[in-house]
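Visitor: Sequence:
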Amino acid sequence: TARAARDRVLDRMTGAGTLQGPEAQAALFDPVPAQRRDFPALAPHLSDRARALDPLTTRHHLTLDAGLQSRLETLARNALRDLPPSVSLAMLVADHQTGALLGAVGSASYASGDAHQGYVDMTQALRSPGSTLKPLIYAMGFDRGLAHPQTLIADRPVAFGRYAPQNFDGQFRGEVTIAEALRQSLNIPVVLLLDEIGPAHLMSAMRQSGMRPALPGDQPGLAVGLGGVGVSLMDLTRL
Numbered sequence: 114t115a116r117a118a119r120d121r122v123l124d125r126m127t128g129a130g131t132l133q134g135p136e137a138q139a140a141l142f143d144p145v146p147a148q149r150r151d152f153p154a155l156a157p158h159l160s161d162r163a164r165a166l167d168p169l170t171t172r173h174h175l176t177l178d179a180g181l182q183s184r185l186e187t188l189a190r191n192a193l194r195d196l197p198p199s200v201s202l203a204m205l206v207a208d209h210q211t212g213a214l215l216g217a218v219g220s221a222s223y224a225s226g227d228a229h230q231g232y233v234d235m236t237q238a239l240r241s242p243g244s245t246l247k248p249l250i251y252a253m254g255f256d257r258g259l260a261h262p263q264t265l266i267a268d269r270p271v272a273f274g275r276y277a278p279q280n281f282d283g284q285f286r287g288e289v290t291i292a293e294a295l296r297q298s299l300n301i302p303v304v305l306l307l308d309e310i311g312p313a314h315l316m317s318a319m320r321q322s323g324m325r326p327a328l329p330g331d332q333p334g335l336a337v338g339l340g341g342v343g344v345s346l347m348d349l350t351r352l
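So in the working numbering, spot 56 of the sequence shown is number 169, and the numbers just go up one at a time.
Derived from the structure by calculation, the hints contain no laboratory data. The model shown is predicted, which means the values in this text are computed figures rather than measured ones. Worth double-checking, as some hints may not be accurate.
What the hints assert, rightly or not - Label pairs and their calculated CB-CB ranges:
| no. | residue 1 | residue 2 | range |
| --- | --- | --- | --- |
| 1 | R125 | S160 | 43 to 51 Å |
| 2 | R190 | G311 | 37 to 45 Å |
| 3 | D256 | Q138 | 26 to 34 Å |
| 4 | A238 | P146 | 36 to 44 Å |
| 5 | T114 | A192 | 40 to 48 Å |
| 6 | R240 | P168 | 44 to 52 Å |
| 7 | E309 | T211 | 52 to 60 Å |
| 8 | R240 | Q138 | 21 to 29 Å |
| 9 | A238 | L259 | 28 to 36 Å |
| 10 | G343 | R149 | 28 to 36 Å |
| 11 | F255 | E136 | 13 to 21 Å |
| 12 | G323 | L259 | 42 to 50 Å |
Think of the CB as a built atom: it goes at the ideal place given N, C-alpha and C, for glycine as much as any other residue.
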């Protein structure tokens with residue numbers, strides 16, 4: 114019978130240490146469901162990672178918000194519904210005060226569709242951070258007394274040897290405040306400031322925050338400030 118099968122599973126779980134005796138005894142008195150229930154599988158990539166990091170632990174305590182996690186997974190599936198199968202995405206939501214991870218989506222198709230692609234946790238994949246390092250660079254400039262939000266900085270054509278950064282629209286705005294340069298995500302001002310700070314110091318700050326940046330070469334250049342370095346989304350949340 115279904116009840117006997119359920120009880121055998123409980124007995125095996127108790128023997129394996131997955132359930133404690135009192136929990137198993139209490140479960141024996143639960144009614145057997147009359148129909149199949151959906152098996153919860155929220156945050157499968159993060160769950161796999163937790164088990165891989167500590168395989169001997171029978172119960173892993175994470176900081177995820179179950180409701181938020183469910184909404185993120187639905188959002189991910191809907192976002193890719195009409196896009197080519199080769200397109201992937203990843204999402205992380207963290208508490209900016211505590212750093213606690215509240216939601217994590219490694220892909221939109223775990224255990225469905227392409228058996229290989231869906232199992233890949235894209236929160237761990239190395240990607241260019243684009244402009245997301247700009248706030249860190251400006252903060253480092255503030256800490257060093259090189260600038261403050263209202264400092265004027267040049268947004269004009271400039272070259273550092275063979276490297277000549279450009280803004281996203283190819284335009285130049287002359288002198289702007291650093292606050293305005295950040296709001297408009299201008300490239301030239303942040304590279305000018307990074308030249309004073311030093312790319313090696315930026316890399317050091319990233320590593321001190323827990324990131325594991327990957328460089329295409331041995332020495333970091335100014336392009337690091339505009340995303341010329343590989344970082345994972347998981348690492349990026351540590352900033």
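Visitor: Hint by hint, say whether it matches the structure.
Guide: Taking the hints in turn, this is what the structure says about them:
Roughly 21 Å separates the CB atoms of R125 and S160, a value that falls outside the hinted 43 to 51 Å. A hinted range of 37 to 45 Å for the beta carbons of R190 and G311 is consistent with their spacing of about 44 Å. Against the hinted window of 26 to 34 Å, the Cβ-Cβ separation of D256 and Q138 comes to about 58 Å, which falls outside the hint. Between A238 and P146 the C-beta distance comes to about 39 Å, which sits within the given range of 36 to 44 Å.
Between T114 and A192, the C-beta spacing of about 44 Å keeps the proposed range 40 to 48 Å intact. At about 28 Å, the beta-carbon gap between R240 and P168 misses the expected band of 44 to 52 Å. In this structure the hint that E309 and T211 lie 52 to 60 Å apart at CB is violated, the actual value being about 33 Å. Here the CB-CB span from R240 to Q138 is close to 49 Å, at odds with the stated 21 to 29 Å.
Range check, A238 to L259: about 34 Å between beta-carbon atoms, so the 28 to 36 Å window is met. Taking the beta carbon of each, G343 and R149 are about 44 Å apart, not inside 28 to 36 Å as hinted. Take F255 and E136: their Cβ atoms lie about 53 Å apart, and the range 13 to 21 Å is violated. For G323 and L259, the Cβ-Cβ distance of about 25 Å falls outside the hinted range of 42 to 50 Å, so the restraint is violated.
The structure shown violates the earlier hints numbered 1, 3, 6, 7, 8, 10, 11 and 12.
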